[in-house]
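Each chain, written out:
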Amino acid sequence: MYKHPWLPNLDLIDEMLKEIGVNSLDELFNDIPAEIKINRLLNVAKGKPLSEYEIEKEINEKVKKNVELQAPPFIGAGICPHYIPNVVKFIIGRSEFYTSYTPYQPEISQGLLQALFEYQSLMAELLDMDVVNASMYDWGSALAEAVLMANRINGKKTVLVPENANPFHKEVVRTWIGGKGIKIEEVKYDKNSGELDLEDLEKKSNIDDISAIYIQQPNFFGIFESNIEHVIDVAKHKRALSIVGVNPLSLGLIKPPGSYEADIVVGDGQELGLPLNFGGPLMGVFAVRWDMSLVRQMPGRIVGITKDTNGKMGFTLILQTREQFIKREKATSNITTNEALLAIANAVYLSLLGKEGMRELAEEIYFRSHYAAKKLTEIDNVSMPFRSDFFEEFAIRFPIEYDKISNKLKERKLQGGLKLSDYTSLFCVTEVHDKKSIDLLVSTIQEMINGVETS
Amino acid sequence: MYKHPWLPNLDLIDEMLKEIGVNSLDELFNDIPAEIKINRLLNVAKGKPLSEYEIEKEINEKVKKNVELQAPPFIGAGICPHYIPNVVKFIIGRSEFYTSYTPYQPEISQGLLQALFEYQSLMAELLDMDVVNASMYDWGSALAEAVLMANRINGKKTVLVPENANPFHKEVVRTWIGGKGIKIEEVKYDKNSGELDLEDLEKKSNIDDISAIYIQQPNFFGIFESNIEHVIDVAKHKRALSIVGVNPLSLGLIKPPGSYEADIVVGDGQELGLPLNFGGPLMGVFAVRWDMSLVRQMPGRIVGITKDTNGKMGFTLILQTREQFIKREKATSNITTNEALLAIANAVYLSLLGKEGMRELAEEIYFRSHYAAKKLTEIDNVSMPFRSDFFEEFAIRFPIEYDKISNKLKERKLQGGLKLSDYTSLFCVTEVHDKKSIDLLVSTIQEMINGVETS
Amino acid sequence: WDEPLIFELNNSGANRQGLLINKDDEIRSEIKEMKIPKNLLRENGPNLPSLSELEVVRHFIRLSQMNFGVDVGIMPLGSCTMKYNPKIEEKATAITESHHPLEDEDHVQGILEMIYELQNWFSEITGMDECSLQVPAGSAGEFAGVLMIKKYHEDHNRNYKDTMLVADTAHGTNPASAAMAGYKVMYVKSNGEGLVDMDILREIVNDKTAGFMLTNPNTLGLFEENILEISKIIHSANAILYYDGANLNGVLGIARPGDMGFDIVHLNLHKTFAVPHGGGGPGAGAICAKGELVNYLPYPMVEKVNGKYRLSKIPKNSVGKIATFYGNVGNLARSFAYLLGLGPQGVQMVGKMSTLATNYLIAKLRDIKELELIAPNRHRKHEVVFSVKQLMENYGVSANDVAKALLDSGFYAPTIYFPPIIEEALMIEPTETESKETLDMFAEALKKIVEDAKRNPEQLLKSPSNTSIARLDQAYANHPSTITPTYRVLKLRRMGKINYLK
Amino acid sequence: WDEPLIFELNNSGANRQGLLINKDDEIRSEIKEMKIPKNLLRENGPNLPSLSELEVVRHFIRLSQMNFGVDVGIMPLGSCTMKYNPKIEEKATAITESHHPLEDEDHVQGILEMIYELQNWFSEITGMDECSLQVPAGSAGEFAGVLMIKKYHEDHNRNYKDTMLVADTAHGTNPASAAMAGYKVMYVKSNGEGLVDMDILREIVNDKTAGFMLTNPNTLGLFEENILEISKIIHSANAILYYDGANLNGVLGIARPGDMGFDIVHLNLHKTFAVPHGGGGPGAGAICAKGELVNYLPYPMVEKVNGKYRLSKIPKNSVGKIATFYGNVGNLARSFAYLLGLGPQGVQMVGKMSTLATNYLIAKLRDIKELELIAPNRHRKHEVVFSVKQLMENYGVSANDVAKALLDSGFYAPTIYFPPIIEEALMIEPTETESKETLDMFAEALKKIVEDAKRNPEQLLKSPSNTSIARLDQAYANHPSTITPTYRVLKLRRMGKINYLK
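Chains A, B, C and D are the protein sequences, given in the same order.
End of the first sequence = 1428 in my numbering, gap-free, step of one.
End of the second sequence = 1428 in my numbering, gap-free, step of one.
End of the third sequence = 669 in my numbering, gap-free, step of one.
End of the fourth sequence = 669 in my numbering, gap-free, step of one.
Check each hint, because a few of them may be wrong.
Said to hold, decoys possible - Restraint ranges, calculated between C-beta atoms of paired labels, are given here:
id	chain 1	residue 1	chain 2	residue 2	range
1	D	His323	A	Lys991	47 to 55 angstroms
2	A	Lys991	C	Ala642	28 to 36 angstroms
3	A	Lys991	D	Lys615	21 to 29 angstroms
4	D	Asp169	B	Lys991	27 to 35 angstroms
5	D	Glu618	A	Glu1234	53 to 61 angstroms
6	C	Asn633	B	Met974	37 to 45 angstroms
7	D	Lys669	B	Gly1020	57 to 65 angstroms
8	B	Pro1006	A	Lys1386	55 to 63 angstroms
9	D	Asp169	B	Met1265	22 to 30 angstroms
10	D	Met201	C	Asn633	49 to 57 angstroms
11	A	Gly994	C	Ser196	43 to 51 angstroms
Everything labelled a hint here was simulated from the structure, so no lab data went into it.
Just so it is clear, CB atoms sit at the ideal spot from N, CA and C, and this is done for glycine as well.
I would like the entire structure built from these sequences, with the hints used as guidance.
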């Protein structure tokens, strides 16, 4: 191998070895026991370095093995397709951002630090919370960190989690608390309304040792929890921490968690200008109230304002003594690489939309998801299992098995909702689903149902 | 219209009018006679401002109305499909380059000026010429400017142009010389070799009043003009200027025009890292010898080295007194907006490939085009009309009408060559045509020929 | 920072390459040797640098950081219309990017439909009958327009028409284009109000007049209010009235050249229709005509035949082709996206808001007596030209000095010394895309510079000092003994091996 | 330059919006009203800024210009492996970008095939049996690894194993991850050669030892040459040997953790496999295991069933899911492109050339006695740690001062004060993608700074001075009376309306 675009010194090996004073590259590895040296090429990639043209061909082959859908997927579960403004991609594609690193040297990283500070600040406005960190991996891990954080604060071991919270998030929480002996107690939901069962909450909250109470707004079924403030009150009353999970987009319409004094807020920034990415990278949101006992135990990086030796305003990472590279085993989390670039994407997105745009977008999503639900339930024997109002996602009950519908949609290169049970499915409809594609979804389903019922 | 992403002051009209001291926007247009004011909305676009999402939908609809070919087009005529390195697109997508303007303020435009200087310098190395301008529109207009320039220099009125030069370029020349009374005299080519007919050149060069002699290397049929140095000698002898048109890619293999002392060199940078763009923008190359009589009459912008008040090296536009914004009707050309960004793209491309890469690429194109020609001529009764060696493009004669072949290829979503006559066509094969797609072209043609011949 | 020349990055002599070439071994085994005539073979490869991908990327990224564009700050370059280029435009190039101009027309119906729609939209916008988009830039369109005039007169046996009138406020391209087409150029003087002097015009228009090239609003930003009368005078001499579209932005959607009496119009799509300027190009153009002159437009144009779009429309007396293929189609796509985003409402607001911006800026600066205006009571359209003659006379501070001082304030500079009829001219075009806040800051900066010029002119003469380099020596750049247009010349100079350029 | 906060750009109060929302009127006419419970409605919209597209673009472009990345210059951050990220990688995101994680598996066979191939390639590269790519970053992988150890021991009824050993040169994530999984952490001291002290290790390993977390090469850049003996000691106590992959780059393709005796390995794809660091993320990770431990890997993994790729592989004792879906698949695609470009030959050369670069840099600096090395006769691998203790003691110049001075020389700074066992540490990782020329310039700069430190230490203490801002006040940033983590807090502070953070 005598030249490669990514290895500039292949032709200078001898010269550099001479400067070092050794005779061969192998000599530099003399300290590795011979029996663990691999003296062969690894069986990876395509057996030889590919040219950029060939890499692109391989990429295109993978792309072609995926199915290009006729319409954006009608599936959500917390991650929904949205329109991504070109400005967002353009900004995070700037070399100075995307090839940079955690701003350990603030003087030469003011741009990144300011952008992250602005992310924190914009998200703070949306959530109505005073302190936001500069990102976690995703909603699931942010929730897990919140649960661990509550345990660090009050030492208690039980966390109440709604049955109607996102099950994918709950799976993550279960994994993360594995080492700490924290127990999850699920709170039932009302099968008619789809909202949390307040009686069951009352009952479960009488358990001793409640560290935190979690609630998701809107919940996994897309349904607004109209009694969310009551839930927060219960937590306060039980001296447990309240953790609220939110779809940040919905906050263009509904009350932010800060307004009802949630202690910790988690969520995912994916719905604010990020692609689906087959589920990752996503963008974990994490915020707390203006309370040192919370802030001190918060995971993740935080950017704050300071001044330089000339008194000029500047930005720097703050509260670093919570972090792993200083506090090691006493750190508030092991997180180091987070989703900083996507936090900037969120910041750009929120800046583009602004106050009014956020409301307009949330409204449009509300209307479109309600339109889809209305049209679906106009089909004979199709209904909505839950009564309460919803946003973006909604459950539908069918008179035939959902698998059949799902297969029919697949034939037509459509992706239907998430199967909840044999006859119900959870759909997601956003601003990228135009009337034509919603109507196509509905008519395809109608056709299938008619076909099965008449056969 | 109260808000639009591209019009920041819609909400401030009254405030700004007040500062001006008028009462309405209309008042600012009081000097326009009422009878020529249009008091209606224009009938353009989709009747209302579209959101970015909707614009993207319209764009995608246009994309879908085009046919996505199975393989890159096998057609050239001076503009050929090539692989474009991602770095090239990345660099010319930098805001500081692509939203900038002609560097009238050099102190704040050193980056652009240096990049253009580097384009000139890299192209100079490739052509072996000392002076290169910072771009013309395309090969055709560069050739036209060269012809006009020769006329300005020697006042003579006839230009000899080979029959086997690119006819699309010749059309442009004919248009551009329309106002100046310059005449084109075509020189025949040898129907066996495909090269210029030296006897006819001898004959035509005896015409009085020859301003310039043009020759294209390789010529329109992709064929190397092996006697190009002789043609330059004839021009010298006749005191005419020699103009050489080159495919810059071929110069990875063959002698550059500077080595045989061409006066003016033109060509197109499209083959150095630019997309086809349905024929535009392209990238006109223009170079001259180290001779003030040539340089002074050169069209277009030129960047040169200078120093600042502290003696530091810097870059600035030079020889601006040739240009239209200073010299007006005495300028060497009316060109102002040129193809600067694409000159930078060429510079990035040439820097990536380097000396060795240029040779490797030219070789690869040579081999692939010869492979395609070989495979095609292995079909019964298919032959090459010209004997001389070629590069990238080549003519093929078929036993059946080319229109039939062309239609068959179209059915298979392939784009064949350029029809030269009823039975011949000019193909183009480059590094983006892999063996599989060449073989597909050949087998499809074979199938068609067999089908016609057996029917 | 300073960045070395790309030729001087690799000083280790290492063999590097920033891109691997894909080689097909099977093909190489079938075609074993090259048959290129020996006498043609290049002996030494071109002296291109040898660099890894990172070295190339870093070099050009660093160069880009030493440059200024609209995405970085306001560029109030008069007559250049440096408006914001919406990012969605880049998506539109997907329509054209990978298509060959000679592909079967059935393969490119999407492209042709777009061109067809743009032909119609630009006709409507200009008030002309038809447009050809075959011209790759504004000045190429202008040249095409002049050739049309020439051919038109020739066809009508008016070869005696050998003179093109050009306003003395006109862009330099106007006389240059006229000259390229073989016309003599005669300048029409402006009157004290900065408008075409009607008396002079009446006097000089005669049988020899081939046409009159005019921008409206003119380069002073003033609307030629006598345009209908001008049209009468020109047409009464069987001459052609030509509209230079460089200044259309200020009246876009308000008044159309066609309605003003113009016969031919060119558009600069990189000005009015938001194609990014790219450091000086590529742009895109359109050339439009009315009445009989449509027969002279450059070919080919797109027409719709039996429901399919075809490149088959060749005006019967066409002047020919200006560019090798169909103009800068890739940039037409950008304007297409731009127009979709504006809609008819937005198109109209461009004219209104750009004019509002100009007059607002004038209002913010009206108290500075060192910024003099011709016809101060007239509203400007797209741009305004101030004269800083007083600063020059009283403090030795020139328009150029003011421009350099603006660079130090973090702004790009206006166009200077243009039009030539204004002494020490600062030609400012704010465009509709700059916020009031930016206009306020720009006005403040200019105000401060004028104050500084009066208080401490020496300091100003040394500007810029915040840029990567100080003022450049133009004499050194252009002198035959020091002129250095390429690296190979630089190398020879360093070795003392090159002659005067003579 | 300074750039205002995004909240303070619009100071005219104008209603602006950088993106129009597409509204469907037909749908709105069908769904006339919203039924959201009144008590939930947001009364005042969020206080987001109101800006045009250009204002947003310009703001963030200007911020980007106040930042530094690998595309701008060398970032020799030790243990961060800031190598060049080839531009082709961005194309690879087309594989994953628009696909929903819960789409029908038949829709995403291309993605799943890619994940499957990467699972195999990373297994081969690490010498492990299987890899799960479900972890979104290295430390998440580490956490998964520790959870695997925990569950493994629990399943074998070894709940008494409550202690995780960590080398004292280890990354901070190691003890943090161990603690998150509920382990006590015990540090294993290094010997005078910077390697694990074998005597100490033998002494402290006992029944309670759950595992040992080690990087090899370690953070001093030294290969733990006793690794096979370490493996024996750990395994003899039924403990697990864990490999922190952050430092893999220096032995990539040369020696594999699996062959060294490690049971579990995590990889940081944003380090070794060229995923761009993005200002601190997103990265991507892999967690790999050998033998019985593969049953504990996080789910889901991709398997091939009847010729189709499925997400159905759930290790039977899996610790669960670390991330909500399947890890950072979009970044896996970038590593996929990177590995295709390297090929097996390139993979091996990464290890060799990165090690060559480190030792070359050491050689260039060996004459500077103020840059002290532990075990100076040992070759380093991916990185080297110098101590500038002498500068501190004799001139009062700290590692931090040297770092700031490097910023002024146009370079990014090394990692400093790490590992903690080295006083005034400068931890430098050059990577294989920096040219010899760049290494030479970096060495020169460091040499000059050491000289300056000796000659004129005061000057150095004031660095950086070429950056957009001078040294920042960390106490002010963190004090409860001045801490300001968001704009809303800043506003309250300015109004004197906020309490101490307590």
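Right, here's what the structure says about each hint:
A beta carbon spacing of about 53 angstroms between histidine 323 of chain D and lysine 991 of chain A agrees with the range 47 to 55 angstroms that was offered as a hint. Taking the beta carbon of each, lysine 991 of chain A and alanine 642 of chain C are about 48 angstroms apart, not inside 28 to 36 angstroms as hinted. In this structure the supplied range 21 to 29 angstroms holds for lysine 991 of chain A paired with lysine 615 of chain D, their Cβ-Cβ distance being about 24 angstroms. The hinted range of 27 to 35 angstroms is satisfied by aspartate 169 of chain D and lysine 991 of chain B, whose Cβ atoms lie roughly 31 angstroms apart.
For the pair glutamate 618 of chain D and glutamate 1234 of chain A, the beta carbons lie near 59 angstroms from each other, so the given range of 53 to 61 angstroms is met. At about 39 angstroms, the beta-carbon gap between asparagine 633 of chain C and methionine 974 of chain B stays in the expected band of 37 to 45 angstroms. Range check, lysine 669 of chain D to glycine 1020 of chain B: Cβ separation about 59 angstroms, and the 57 to 65 angstroms hint holds. A C-beta distance of roughly 58 angstroms is found between proline 1006 of chain B and lysine 1386 of chain A, which places it inside the suggested range of 55 to 63 angstroms.
Aspartate 169 of chain D and methionine 1265 of chain B have their C-beta atoms about 48 angstroms apart, which leaves the hinted 22 to 30 angstroms range violated. Between methionine 201 of chain D and asparagine 633 of chain C the Cβ separation comes to about 53 angstroms, which falls inside the hinted range of 49 to 57 angstroms. Judged by the Cβ atoms, the range 43 to 51 angstroms given for glycine 994 of chain A and serine 196 of chain C holds: they are separated by roughly 44 angstroms.
The structure fails to meet hints 2, 9 from the earlier list, while all remaining hints are met.
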